[in-house]
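Colleague: Sequence:
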Amino acid sequence: MKKLMTKKAAAWLCLAALALSLSSCALIADDGRVMNTLHAGETRPPIPYETTAEVLSSDTTSPDTSSPDVSTTSPDTDVTTAPPTVTTSPEETTAQVDIITYEFEVVTVTENLGSGGSSKSSRTLRYPKLTGLSNADMQTKINDSLASLADIEFDAKVTNVEEDIAAGITVKYEVTDTAVTYLGNNLLAVRSSAKVKYSGGSGDNEFAYSYLFNLSTGKTVSMAKLYSDFGSVMNVFKSGEFTQISGEDNITSTVSLSEMMEQYKNYKLYSTYPDSYFTPTSLVLIIELNAMSGYYAEFSVPLDKVNAYLNVSPTK
687 MKKLMTKKAA AWLCLAALAL SLSSCALIAD DGRVMNTLHA GETRPPIPYE TTAEVLSSDT
747 TSPDTSSPDV STTSPDTDVT TAPPTVTTSP EETTAQVDII TYEFEVVTVT ENLGSGGSSK
807 SSRTLRYPKL TGLSNADMQT KINDSLASLA DIEFDAKVTN VEEDIAAGIT VKYEVTDTAV
867 TYLGNNLLAV RSSAKVKYSG GSGDNEFAYS YLFNLSTGKT VSMAKLYSDF GSVMNVFKSG
927 EFTQISGEDN ITSTVSLSEM MEQYKNYKLY STYPDSYFTP TSLVLIIELN AMSGYYAEFS
987 VPLDKVNAYL NVSPTK
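For the sequence shown, position 33 (counting from the first letter as 1) is numbered 719 according to this note's numbering, and the numbering increases by one without interruption.
Worth flagging that the hints you see were computed from the coordinates, not collected in a lab.
Computed from a predicted structure; not experimentally measured.
Misleading hints may appear alongside valid ones.
[To be verified] No farther apart than 30 Å at their CA atoms in a straight line, the calculated lysine-lysine pairs in the DSS-like style are these:
| hint | residue 1 | residue 2 |
| --- | --- | --- |
| 1 | K951 | K911 |
| 2 | K924 | K954 |
| 3 | K954 | K991 |
| 4 | K827 | K1002 |
| 5 | K883 | K911 |
| 6 | K905 | K951 |
[As the list claims (entries may be wrong)] Pair by pair, the computed Cβ-Cβ distance ranges are:
| hint | residue 1 | residue 2 | range |
| --- | --- | --- | --- |
| 7 | E948 | K991 | 18 to 24 Å |
| 8 | P966 | T940 | 27 to 33 Å |
| 9 | E948 | D830 | 35 to 41 Å |
| 10 | D784 | G889 | 42 to 48 Å |
| 11 | T940 | D990 | 26 to 32 Å |
| 12 | Q949 | D990 | 24 to 30 Å |
| 13 | S808 | T940 | 32 to 38 Å |
| 14 | Y959 | S808 | 29 to 35 Å |
| 15 | G889 | S957 | 24 to 30 Å |
| 16 | A910 | T826 | 23 to 29 Å |
| 17 | E849 | T787 | 42 to 48 Å |
| 18 | E849 | K954 | 35 to 41 Å |
| 19 | S808 | K924 | 39 to 45 Å |
| 20 | P988 | Q949 | 20 to 26 Å |
We treat Cβ as the ideally placed atom computed from N, Cα and C, and that holds for glycine.
Given the sequences, and given the hints that come with them, work out the whole structure.
Modeller: Structure (structure tokens):
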């Protein structure tokens, strides 16, 4: 009996020792850090996980950009989220370009195209060359564009020239006149006239064309960008408020003003606008006509009658 009691006492002693040991054990967090010991009636506090990601100040601004968007890369991926690209439309004025003088030169380039018929075919290009802009690089850019556009007009108006020459037809193309009609308020307007003649007489044509430039970008202003409401300009034209400044006399006796505008009625769908240019006080439209009506005519209107329908203007 004494031996049995001794075994029970020993067992109780072992249990007591185990309980004491557990009460003094520390809790170990999932990341291996030692947590405070829990006692009866207490709850386990949340594990204060450490932050390893870089924290960027929200008011930090890069000294090299004014954009609030900054390219960012996730620490767990190689994918970069770039800020959206901001583009400047060719018509947007970004900086004023000073005009030192309003003078320009006329460049003439004559080239033989080959023999056809009894004489040689040729083309003569003329285009203005600016000489008085304060920004020399911009001036060069615009002058290079004017030279290229003269060449583009030839390609657009004289098609199949090699085939014609091979067939024995003489082709004569000449830009007869070119001029700067407006230079100021960050705008340049250029107007040119040309003619093409064929030895057989078939396909002869005379025409005028124009270009507008934004002086601060050196790019052309499209007719679609020039007009904010061309429909209203058409109405002003049809009402007779434009004045004819070139073309056949009494032209409205053969073709009405409304008929002249008919070819541009789908301008929104097909971007069919008449070539247009500025003088210091007016807007001029170049209206294409058939050969019986003299090929083309120009009509002018004071700017104050159409400024409300224009995105850019010498007086806006």
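Colleague: Each hint: holds or not?
Modeller: Now for the hints, and whether the structure bears them out:
no.: 1; hint: K951 / K911; in the structure: 17 Å, holds
no.: 2; hint: K924 / K954; in the structure: 18 Å, holds
no.: 3; hint: K954 / K991; in the structure: 22 Å, holds
no.: 4; hint: K827 / K1002; in the structure: 25 Å, holds
no.: 5; hint: K883 / K911; in the structure: 34 Å, violated
no.: 6; hint: K905 / K951; in the structure: 27 Å, holds
no.: 7; hint: E948 / K991: 18 to 24 Å; in the structure: 22 Å, holds
no.: 8; hint: P966 / T940: 27 to 33 Å; in the structure: 32 Å, holds
no.: 9; hint: E948 / D830: 35 to 41 Å; in the structure: 37 Å, holds
no.: 10; hint: D784 / G889: 42 to 48 Å; in the structure: 45 Å, holds
no.: 11; hint: T940 / D990: 26 to 32 Å; in the structure: 31 Å, holds
no.: 12; hint: Q949 / D990: 24 to 30 Å; in the structure: 27 Å, holds
no.: 13; hint: S808 / T940: 32 to 38 Å; in the structure: 33 Å, holds
no.: 14; hint: Y959 / S808: 29 to 35 Å; in the structure: 31 Å, holds
no.: 15; hint: G889 / S957: 24 to 30 Å; in the structure: 26 Å, holds
no.: 16; hint: A910 / T826: 23 to 29 Å; in the structure: 27 Å, holds
no.: 17; hint: E849 / T787: 42 to 48 Å; in the structure: 45 Å, holds
no.: 18; hint: E849 / K954: 35 to 41 Å; in the structure: 36 Å, holds
no.: 19; hint: S808 / K924: 39 to 45 Å; in the structure: 41 Å, holds
no.: 20; hint: P988 / Q949: 20 to 26 Å; in the structure: 24 Å, holds
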